[in-house]
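K.L.:
In case you want the letters, here they are:
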Amino acid sequence: MKIFPALTSLALGAFISTSAAADDAAMIEAGAETFSTYCATCHGNNLESSGQTFDLRKLRASERGRFQNSVTKGKNQMPPWQGVLSEDEIESVWRYIRANAYEK
Amino acid sequence: MKRSSFTAPLYLAGVFTLAGIAGAAAQTTADLNKDQNTPGDVLVYGMGPHGQRYSPLTRINKDNVKRLVPKWSYSMSDSNGAEAFPLVANGMIYTTNHISTVAVDALTGKQVWKVTHDYPPEILRIVCCGIVNRGAAIYEGKIIRSTLDNHLIAMDAKTGKVVWNVQSPGISAETGYSMTGAPLVADGVAVVGVAGAEFGIRGFLEGFDAATGKHLWRQYTVPAAGEPGHETWAGDSFKVGGGSSWVTGSYDPELDLVFWGIGNPAPWNPRGRKGDNLFTNSVFAVRPKTGERVWYYQTSPEDPFDYDAVQTPVVATIKVENKPRKVVMQANRNGFLYVLDAANGKLLAANAYDKMNWADGVDMKTGRPNTTESFKKALAGENVTIWPSVTGSTNWQHMAYSPKNGNLFINVIHVGMTYQAPEPPKNLAMGKPTGNGTVKRTTVYDDPNVLGFLKAVDPMTGKAKWSVPYKSPNFSSTMVTASDLVFTGVMTGEFQALDAKTGKLLWSFQTPSGIVGQPITWEKDGKQYVTIMSGIGGVYAMRSGDPNLVNVPTGASLWTFGLFDK
Numbered sequence: 001m002k003i004f005p006a007l008t009s010l011a012l013g014a015f016i017s018t019s020a021a022a023d024d025a026a027m028i029e030a031g032a033e034t035f036s037t038y039c040a041t042c043h044g045n046n047l048e049s050s051g052q053t054f055d056l057r058k059l060r061a062s063e064r065g066r067f068q069n070s071v072t073k074g075k076n077q078m079p080p081w082q083g084v085l086s087e088d089e090i091e092s093v094w095r096y097i098r099a100n101a102y103e104k
Numbered sequence: 001m002k003r004s005s006f007t008a009p010l011y012l013a014g015v016f017t018l019a020g021i022a023g024a025a026a027q028t029t030a031d032l033n034k035d036q037n038t039p040g041d042v043l044v045y046g047m048g049p050h051g052q053r054y055s056p057l058t059r060i061n062k063d064n065v066k067r068l069v070p071k072w073s074y075s076m077s078d079s080n081g082a083e084a085f086p087l088v089a090n091g092m093i094y095t096t097n098h099i100s101t102v103a104v105d106a107l108t109g110k111q112v113w114k115v116t117h118d119y120p121p122e123i124l125r126i127v128c129c130g131i132v133n134r135g136a137a138i139y140e141g142k143i144i145r146s147t148l149d150n151h152l153i154a155m156d157a158k159t160g161k162v163v164w165n166v167q168s169p170g171i172s173a174e175t176g177y178s179m180t181g182a183p184l185v186a187d188g189v190a191v192v193g194v195a196g197a198e199f200g201i202r203g204f205l206e207g208f209d210a211a212t213g214k215h216l217w218r219q220y221t222v223p224a225a226g227e228p229g230h231e232t233w234a235g236d237s238f239k240v241g242g243g244s245s246w247v248t249g250s251y252d253p254e255l256d257l258v259f260w261g262i263g264n265p266a267p268w269n270p271r272g273r274k275g276d277n278l279f280t281n282s283v284f285a286v287r288p289k290t291g292e293r294v295w296y297y298q299t300s301p302e303d304p305f306d307y308d309a310v311q312t313p314v315v316a317t318i319k320v321e322n323k324p325r326k327v328v329m330q331a332n333r334n335g336f337l338y339v340l341d342a343a344n345g346k347l348l349a350a351n352a353y354d355k356m357n358w359a360d361g362v363d364m365k366t367g368r369p370n371t372t373e374s375f376k377k378a379l380a381g382e383n384v385t386i387w388p389s390v391t392g393s394t395n396w397q398h399m400a401y402s403p404k405n406g407n408l409f410i411n412v413i414h415v416g417m418t419y420q421a422p423e424p425p426k427n428l429a430m431g432k433p434t435g436n437g438t439v440k441r442t443t444v445y446d447d448p449n450v451l452g453f454l455k456a457v458d459p460m461t462g463k464a465k466w467s468v469p470y471k472s473p474n475f476s477s478t479m480v481t482a483s484d485l486v487f488t489g490v491m492t493g494e495f496q497a498l499d500a501k502t503g504k505l506l507w508s509f510q511t512p513s514g515i516v517g518q519p520i521t522w523e524k525d526g527k528q529y530v531t532i533m534s535g536i537g538g539v540y541a542m543r544s545g546d547p548n549l550v551n552v553p554t555g556a557s558l559w560t561f562g563l564f565d566k
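Protein chains in written order, with our numbering: chain A, 1 to 104; chain B, 1 to 566.
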């Protein structure tokens with residue numbers, strides 16, 4: 001869990017400074033919309049995945065760095081989203097995923 | 001850069017001239033046209049240009065089908081959906097996925113060649129419905145396929161060597177276009193469609209010279225300013241109008257017409273594009289040499305529900321008012337089974353073949369659906385419950401038609417939805433998402449344990465002679481033989497044979513992944529074989545979250561079955 005403390009706090013620091021003022025519910029709602037627009041076709045309507053593509057609800061609170069990395073750079077058949085999604089949008093999707101995660 | 005070794009024009013010209021001569025004896029237009037009657041090979045998508053998926057073979061029959069066993073299987077080394085239609089020629093089976101084309105020995109399953117087609121990862125941002133490819137065409141010794149990044153590539157059928165590689169002119173992933181469908185070669189022209197109505201494309205159908213790859217024509221599905229039909233789009237809405245053509249069509253050599261289904265308007269949210277939105281959700285009949293549109297028939301005007309008319313129109317001569325008539329039949333996503341005169345597109349029948357509430361029949365004079373209150377409320381932005389869902393009563397999975405028993409064999413999706421179109425989206429642009437995110441919906445079931453049926457349907461009435469329920473809808477295509485066997489695959493991996501007369505399950509084999517593929521049958525040295533790909537993926541598996549599919553393993557493979565030799 002605490003394997004990459006530097007990376008995690010860096011990522012956390014980045015989003016707290018850009019969105020500390022944002023209302024969390026509004027952020028989750030915005031994340032749901034971004035997810036539905038860009039991610040649902042591969043990761044399932046409303047995050048409901050039958051697991052053939054990575055089930056995003058498996059992501060744990062400590063994996064913000066992993067999330068940032070995969071979403072911006074891509075991985076195998078996961079396309080890179082750098083330049084398409086803003087940092088705020090990525091953060092909102094993260095909050096939406098976390099709000100629906102298996103492990104809160 | 002990728003494919004660099006085959007891009008020098010001089011070298012390319014030299015190669016295709018030689019290959020053209022070497023392969024000229026095989027898979028001619030005449031061979032392709034009579035494919036359905038030559039079961040020693042499978043040369044055309046749909047098991048013949050009419051797309052009937054019917055085989056005259058009878059060696060495997062109701063009495064011995066229990067002895068059907070795997071002869072070999074071949075790994076595609078991939079975990080995405082295996083939706084391709086395999087071809088059989090030269091003693092080899094050819095198949096594809098999103099990234100490779102392979103040839104394997106038809107009797108042993110040993111790989112003969114494999115070509116990999118790398119593509120830029122960004123293209124996957126605009127893939128709406130699975131990271132897939134639905135197969136290749138074969139013509140005069142060449143295997144021809146499309147790629148996600150809009151290339152059409154011809155390979156020497158014997159060696160896999162790339163003979164030509166062309167890009168669809170002027171389009172790109174940045175503007176939302178991709179290709180997943182199998183080309184259809186008709187009269188020497190490789191007809192190809194595009195995907196991207198979920199990303200604001202202006203759709204079209206186009207033709208390439210199947211010998212050289214030369215681009216011959218393009219027929220747009222959304223009319224530009226000044227063209228007929230343009231007035232059916234409010235304001236500038238036509239600019240991102242959609243109208244893809246992502247599922248392969250059929251061909252009638254006698255009429256010299258290619259029949260092709262056209263996809264949904266973009267965005268899904270209809271409120272900013274008032275009007276019929278021609279020529280989205282239509283069946284086209286075009287001349288293969290020129291692309292001239294001889295007739296069209298629109299199935300769902302001003303569509304809020306992603307009711308693509310992309311199902312392959314199946315050509316057959318059937319009895320209409322007691323007279324034989326050449327028709328095209330389409331089990332449309334919107335829930336109606338259409339029968340149209342193949343020569344002129346005249347509507348002959350349109351009947352519901354599963355539950356629907358957006359329309360109450362079709363006006364036989366105008367050909368327009370009699371839309372219900374629910375439909376009108378949906379257009380007005382109200383929250384409504386609609387059958388079928390955006391996935392449709394069918395999706396891309398193909399039906400089969402038996403000229404012997406007169407029925408269509410349709411894998412039906414039995415799922416509804418709540419639906420609401422909020423304020424229409426602003427800032428639409430080609431290449432930006434125009435699908436899922438533009439409406440709000442949830443899934444509705446009658447019975448959570450029955451989300452699909454395999455039905456034997458009478459074309460003229462839409463009535464089912466028999467109907468077999470499935471826990472998840474089948475996204476496999478069907479195939480029917482003269483021995484009255486229907487073959488299909490199940491999302492949880494079973495490959496099945498059913499009695500075409502009764503629907504009784506006669507045989508089932510558990511493949512290692514879910515099946516979303518297309519069964520074919522062929523013969524060699526007096527023995528009949530059945531071939532299909534296994535490998536879950538595609539739109540339903542990725543998007544639905546169907547609990548019945550949790551933990552169904554991924555992994556694409558190609559399978560061939562034959563009767564057990566004592």
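Keep in mind that the hints were calculated from the coordinates and are not lab data.
Each hint should be verified, as a subset may be incorrect.
Ranges of calculated distance between the beta carbons of each label pair, as one might list FRET restraints [unchecked claim]:
#1 A/ARG60 x B/GLU292: 57 to 65 Å
#2 A/ASN69 x B/ASN405: 51 to 59 Å
#3 A/GLU103 x B/ARG218: 45 to 53 Å
#4 A/SER62 x B/LYS62: 55 to 63 Å
#5 B/THR317 x A/ALA101: 54 to 62 Å
#6 A/SER86 x B/GLU227: 52 to 60 Å
#7 A/GLU29 x B/VAL444: 41 to 49 Å
#8 A/LYS58 x B/GLU292: 33 to 41 Å
#9 A/ASP88 x B/ASP209: 26 to 34 Å
#10 A/SER86 x B/ALA225: 54 to 62 Å
#11 B/TYR445 x A/LYS58: 23 to 31 Å
#12 A/GLU29 x B/LYS377: 18 to 26 Å
#13 B/PRO228 x A/ALA101: 36 to 44 Å
Short, incomplete list of chain B residues facing chain A, as computed with Cβ under 7 Å [what the hints assert, rightly or not]:
#14 VAL65
#15 PRO120
#16 PRO121
#17 ASP546
#18 LEU549
Bear in mind that the values here come from a model prediction, so they are computed numbers and not experimental data.
The C-beta atom is built at its ideal place from N, Cα and C for all residues, glycine as well.
K.L.:
Each hint: holds or not?
P.N.:
Hint by hint, here is what the structure shows:
no.: 1; hint: A/ARG60 x B/GLU292: 57 to 65 Å; in the structure: holds (59 Å)
no.: 2; hint: A/ASN69 x B/ASN405: 51 to 59 Å; in the structure: holds (57 Å)
no.: 3; hint: A/GLU103 x B/ARG218: 45 to 53 Å; in the structure: holds (52 Å)
no.: 4; hint: A/SER62 x B/LYS62: 55 to 63 Å; in the structure: holds (59 Å)
no.: 5; hint: B/THR317 x A/ALA101: 54 to 62 Å; in the structure: holds (57 Å)
no.: 6; hint: A/SER86 x B/GLU227: 52 to 60 Å; in the structure: violated (38 Å)
no.: 7; hint: A/GLU29 x B/VAL444: 41 to 49 Å; in the structure: violated (23 Å)
no.: 8; hint: A/LYS58 x B/GLU292: 33 to 41 Å; in the structure: violated (53 Å)
no.: 9; hint: A/ASP88 x B/ASP209: 26 to 34 Å; in the structure: violated (49 Å)
no.: 10; hint: A/SER86 x B/ALA225: 54 to 62 Å; in the structure: violated (34 Å)
no.: 11; hint: B/TYR445 x A/LYS58: 23 to 31 Å; in the structure: holds (26 Å)
no.: 12; hint: A/GLU29 x B/LYS377: 18 to 26 Å; in the structure: holds (24 Å)
no.: 13; hint: B/PRO228 x A/ALA101: 36 to 44 Å; in the structure: violated (53 Å)
no.: 14; hint: VAL65; in the structure: violated (30 Å)
no.: 15; hint: PRO120; in the structure: violated (9 Å)
no.: 16; hint: PRO121; in the structure: holds (5 Å)
no.: 17; hint: ASP546; in the structure: holds (6 Å)
no.: 18; hint: LEU549; in the structure: holds (4 Å)
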